[in-house]
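Peer 1: Hey, can you work out the whole structure from these sequences and the hints?
Protein chains in written order, with our numbering: chain G, 8 to 288; chain B, 8 to 288.
Some clues are possibly wrong.
Copies of the same chain look alike in the list, so a pair counts if it works inside one copy or between any two.
[Unchecked claim] Dumping the calculated DSS-like pairs for lysine-lysine here, alpha-carbon to alpha-carbon at most 25 Å:
| # | residue 1 | residue 2 |
| --- | --- | --- |
| 1 | Lys172 | Lys9 |
| 2 | Lys180 | Lys211 |
| 3 | Lys211 | Lys233 |
| 4 | Lys9 | Lys197 |
| 5 | Lys233 | Lys259 |
| 6 | Lys104 | Lys233 |
| 7 | Lys180 | Lys259 |
| 8 | Lys233 | Lys285 |
| 9 | Lys285 | Lys133 |
Hints were generated in silico from the structure; no laboratory data involved. In this text the structure is predicted, and so the values were computed from the model without any measurement.
Protein chains: 2
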Amino acid sequence: MKKKEIVAFQGERGAFSELAAVQLLGPRIDLLPCERFEQMFRALQDGAADAAVVPIENTLHGSVHENYDHLLNFDLKIVAETSVRIVHNLIVPPGTKFADVRRVYSHPVALNQCLRFFAAHPRLVKTTHYDTAGSVKMMMSERPEGAAAIASSLAAANYGGEILKASIEDDRKNFTRFFLLRRPDFVTPKIKGNAKISMVFTTKNSPGSLFRALAALALRDISLAKIESRPMRGRPWEYLFYLDFLGHVDDKNVQNALAHLAEVSDLLRVLGCYPAAKIDL
Amino acid sequence: MKKKEIVAFQGERGAFSELAAVQLLGPRIDLLPCERFEQMFRALQDGAADAAVVPIENTLHGSVHENYDHLLNFDLKIVAETSVRIVHNLIVPPGTKFADVRRVYSHPVALNQCLRFFAAHPRLVKTTHYDTAGSVKMMMSERPEGAAAIASSLAAANYGGEILKASIEDDRKNFTRFFLLRRPDFVTPKIKGNAKISMVFTTKNSPGSLFRALAALALRDISLAKIESRPMRGRPWEYLFYLDFLGHVDDKNVQNALAHLAEVSDLLRVLGCYPAAKIDL
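Peer 2: The structure is reproduced here in C-alpha cells:
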C-alpha cells in the first residue's frame with residue numbers, strides 16, 4: 008500500500024481547508040495543521056509536507072493577498088484548484104436538545120454569517136472563539152453547560168459532535184477557492200480537458216501599460232478568467248497584476264503570449280498550470 | 008453654529024471606521040454605529056444618516072465584495088476616499104501595570120496580527136471577542152482581573168482606557184481604504200487637484216472583451232488606478248469589473264471614454280467622482 012501523503016493546511020482539524028484537501032486528494036491523507044499561512048508554505052518547501060492547500064479567494068471577502076505574497080516568496084507551484092461552499096452547522100454534544108442550547112461558540116466571522124438564525128432564536132448568546140473547528144474541539148472536551156458550536160460538518164465528525172441544525176448560514180453563495188501546491192520538482196500528471204494558468208506580472212508605470220500587456224493574450228484569443236491589480240508598496244502608481252487564463256504552458260500559442268507579455272512587463276512569474284475546475288466563485 | 012452631521016459606520020464606537028470618518032469629516036460629527044454593512048447603506052438612503060463611511064479594500068485581505076454589492080444595489084455616490092493604517096495598541100484600565108496583565112481580549116483577526124508580541128510575552132492568554140473596540144468597552148465596564156484589550160487609540164480614548172504598549176501589530180503596512188458616501192442629490196464641492204472615478208462594468212463573454220473595453224481608456228491616455236474582475240454568480244465565464252481611473256466626469260476626454268466603454272459593455276455604472284487622495288494601500 009502506498010504511503011499516505013502529508014498535506015499542510017492552516018487551521019484546526021475540521022477547518023474548511025481540510026474539506027478542500029479531501030476534495031483535492033481524497034480521504035487517505037495525513038494532515039499537518041498549521042497556525043499561520045506562512046508555516047504551511049515553509050512545511051512544504053522544507054519537505055515536512057508533500058502538499059499544501061491554500062485559500063486564495065472568497066466570494067464575500069476577496070483575494071487573500073497574503074497567500075499571493077507567499078506564492079511569490081516561496082518556490083512552489085500550483086497543481087490543482089477547487090472551491091468549497093462555506094456551510095455552517097449548529098453542532099452539539101450528542102443527545103443535546105435544541106431547547107437546552109444557550110450559548111453558541113464560533114469564530115466571529117462565522118457568527119456574523121448566521122445572523123438570521125440568531126435573530127430567529129434570540130435566547131442564544133453568541134460567544135466568540137478563535138476558530139470554527141476549534142470551537143467544536145473545545146465544546147467536546149470542556150463541555151460547558153448549554154453550549155453549541157458553529158462549524159463545518161467535518162469538524163462535527165472529527166470531534167464526535169452532532170449536527171443539530173445543518174446549513175444555518177445566511178448566504179448560500181459563499182465559496183472559497185483553494186490551490187493545491189507542490190514543490191517545483193513534482194511531476195504533474197498530464198492535464199485532460201481545459202487547463203488554466205495563474206501568473207503574476209508588473210508593468211511599466213504609464214497610461215495604457217495594462218492595455219498593452221493584455222494585448223499579448225487578446226491578440227491570441229486567450230480567455231481571461233481573473234484579473235486583479237494590487238498597488239506595490241512604497242511605489243505609488245505601480246501595480247502587481249494577478250492573472251488567470253485558460254491554456255496550457257505547452258501550447259505554442261500560450262508560449263508566444265508569455266514571451267510577448269515578458270517584453271512589456273518588469274516581472275513575470277507563472278505560478279502554475281493546472282486542470283481548470285468547474286468552480287463556483 | 009451648523010448642525011452636526013450624522014455619519015453611519017459599521018462597528019462599535021472606536022472602530023477603525025470611526026477613525027476614517029474623522030479623517031474624512033473632522034471630529035465635529037455625530038456617529039451612528041451599525042451592526043452590519045447593509046444597515047449603514049440603508050441608514051444613509053433613508054435619511055437616518057447624512058453620510059456613510061465604508062471600508063472597500065485592505066492591503067492584506069483584498070476588496071470587500073459585499074460593499075461593492077451594496078454600492079450597486081443602493082443609489083448612493085462616492086464623494087471622497089481615505090486610507091487608515093491599522094495600528095493595534097495594548098489597552099488597559101488606567102494605572103494597570105504590564106506585569107499584572109494576564110489575558111488579552113480582541114477580535115481574532117487583530118490577535119492574529121500581533122503574533123510577535125504574544126510570542127515575546129508567552130504568559131499572555133489570547134481571548135477572542137466579537138470586536139476590537141468592543142473588547143475595550145467590555146474591559147472598562149466589566150473589569151475582568153488581569154485584562155487588557157487590543158484596539159485603536161480611538162477606542163482607548165472613547166472608553167477611558169490607557170495605552171500601555173502602542174503599535175504592537177506585526178505588519179506596519181496594513182492599510183484599509185474607505186469611501187465616504189452621500190445621497191445622489193448631495194452637491195459635491197468642486198474638486199481641486201486630481202480627481203478619481205470609481206466604476207463597475209460588465210463585458211460580453213468573449214476572448215479579448217476586457218482588452219476592447221480597456222481600449223476606451225488607453226486610447227485616451229487615461230491612467231488606471233485599480234482593476235479587479237469578479238465572477239458573476241450563476242453565469243460561468245461572465246465577469247463584473249471594478250475599475251478606478253484618474254479623471255473628472257466633467258472632462259470631455261473622460262466623457263468620450265465612458266461613452267466608448269458603454270458601447271462595449273452590458274452594464275456600466277459610475278459609482279462616484281472624488282478627489283484622488285494620497286492613499287497608502
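Peer 1: Tell me, which hint numbers fail for this structure?
Peer 2: 1, 6, 7, 9
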